[in-house]
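K.L.:
Put chain B on the given structure of chain A with help from the hints.
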Amino acid sequence: MNIIKAVPVSPGIGIGPVFCYTRNTQITPGYYINNVEEEIHRYLTARDRSVKELLALYRQVSTDYSEKEAGIFEANALMLEDEDFSDCVVQIIRSKNVNAEYGVQEAAVQFSEMLAQTGDEYLATRAADLQDIAGWVIAHLSNTDLSLLRIDSPAILVSEDLFPSELVQSDRKNLIALVTAQMSANSHTAILARSMNIPAVSGIGMAGSQIISGTRLVVDGDSGAIYINPDPKTLEEFETMAKRQAQERTSLRVLVGCENRTKDGRLVEVYANVGTREDIESALKNDAGGIGLFRSEMAYLGRTDYPTEDELFALYRDAARQMGNRRIIIRTVDIGGDKDAPYFHLEKENNPALGMRGIRLCLARPEMFKTQLRAILRASVFGNLAIMFPMITAAFELDRIEEILRGVREDLMARNVRFNEDISLGIMIETPAAALLSDILAKQSSFFSIGTNDLAQYTLAIDRQNPSFQEYGDVRNEAVLRLIEMTIRNAHKAGIPVGICGELGADPEMTAPLLAMGIDEFSVAPASVLPLRKRIRDYSSPDTIEM
Amino acid sequence: MRSATFIVTATDGIHARPAGYLVKEAGKFQADITISFKNKTASARKLFELMKLGIKQGDMITVTADGSDEATAIETVMQILEANF
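Going line by line, the protein sequences match chains A and B. The working numbering puts the first sequence at residues 1 to 547. The working numbering puts the second sequence at residues 1 to 85.
Keep in mind the hints are simulated off the structure, nothing from the lab. No residue lacks a Cβ here, since even glycine has one placed at the ideal position from N, Cα and C. A couple of the hints might just be wrong.
Said to hold, decoys possible - Chain B is faced by these chain A residues, among others (derived, beta-carbon under 8 Å):
1. 74
2. 75
3. 78
4. 113
5. 114
6. 115
7. 121
8. 235
9. 236
10. 240
11. 306
12. 308
13. 310
14. 314
To be verified - So the derived label-pair ranges between C-beta atoms look like this:
15. B/79 / A/67: 15 to 25 Å
16. A/463 / B/56: 50 to 60 Å
17. A/277 / B/36: 26 to 36 Å
18. A/351 / B/24: 52 to 62 Å
19. A/68 / B/79: 11 to 21 Å
20. A/416 / B/58: 42 to 52 Å
21. B/79 / A/97: 44 to 54 Å
22. A/353 / B/43: 29 to 39 Å
23. A/477 / B/24: 58 to 68 Å
24. B/79 / A/493: 45 to 55 Å
25. B/67 / A/267: 51 to 61 Å
Chain A with its partners taken away, still in its complex shape (with noise of 0.2 Å):
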């Protein structure tokens, strides 16, 4: 047995024979010819059946799996049908009295290299449609078959790389799995895999060199793994995980649309924690009721500026339509503590965690929160939008936030810009603080969300950060829990919701003292909340809690 580790594309795993792929890639033939109307005659006959095909293939994609990643193949058509493209291929013929094939083969290449010319990494790897759609034109003209993918018996697809017309045209009841040596998760064919429920890996560079049609293989989408020739016990193991997986998925899948609604009656709401586009997309896949917990400081993290009002603002507003009036909880940005971003040039603390951190570090700099502001409530009219503050341990702070606000809304006034007057502005439970004044708290909060792991952290006194206290930190403690109990009953008597953020929400063992305790929200990883909601269904109330 051999295991190469590769990068996870796809999720899911694959077991069985290795089919190698490799595509056609004959240099093609340049001649030269007689008659050059007649061959650009030829060259527009292929060109129109190409676009044909490839808006046919649009259509099917659309419908199989969704508008959105079918949309490459209609791009392709469109660069096919571009005037200057179909001018340089004639002028190429006409020119050097040569063969439409060559033609349009050295068209797509001159074109590859002026996307390439404008330095934009992303119009860059536009060549490779460039490729794919002259290959289409290509296979035309010289009545070669196109569909060279054909996979006749179950097998794993082990290829350099992979179009999306490859992908989509190939037999997918015969598609196992894909292994890739170049891929980027991001890419239009990593995407349509996911969507196809197809397990894919990729990245393994050379090591794919030692892997020949026939041979067995075990793919492990999550982690990346690839297991060449399986040891006997290697391959139980993960035919047993495949079996559960697969299980797993349909017995959950049939929850999807369903209301989270206990035995006695009581309707909770299950939403995702997300940071990134990704996240939103698996939300909803794992019908997500909404967004609790919209973590905004993923895009400050990993650049080198503060981002500005309207990048927020794109990313609130598209976050917002994606999920329509699904709701989302946007929680300003938290960094400080164990998230940092060199440009904020944060001062080195000794205790970073009881420093400088959420809602201080936003009252600290208002411009920086405002322009926050300003983008969230710009979007707050494209569809259900909350605000949530983090860090809160005294009402002050939310007086601050009022002030803030109020010069923010002004702004925007002035400006003549539409938002959204009654947005809902709760504030996140993460403080022992915070939770002991949730009586005062909730008279200026529409509604909380708790935060378990910093609330645990802090009535024990346990650094997250630090494994080696591990056995003092356990989120479930009695404090903890007493805290959490104590924050419901105070919330539901001024007649707000409270929620539950953190990873508690999403442990098994708590979903029934949780419900028990009267919690109105839950909200965890996209993965979590059809689990979840199964749990919550299975659950009736005890005549008594016992807490």
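P.N.:
Only chain B this time, still in chain A's reference frame:
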């Protein structure tokens, strides 16, 4: 002939997909539509020309339309690129 200058807020700027959509929509108008950015001008009917402009989110561009339906043409382009201001 009329023109409008605005900031592009579409997340992807004028990359392959939005450019493709723009080309498709521009073809429906009688008016000639051009887009200018940084001293370069491209016809809104030409995909590669548009892509070559390298327009990204936040860039300020000028759209010019000339023809009987120029007003709606400009409005449509602004909608596609989600003009701000």
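K.L.:
Mind listing which of the numbered hints don't hold for this structure, in increasing order?
P.N.:
4, 7, 8, 9, 10, 11, 16, 20 and 22
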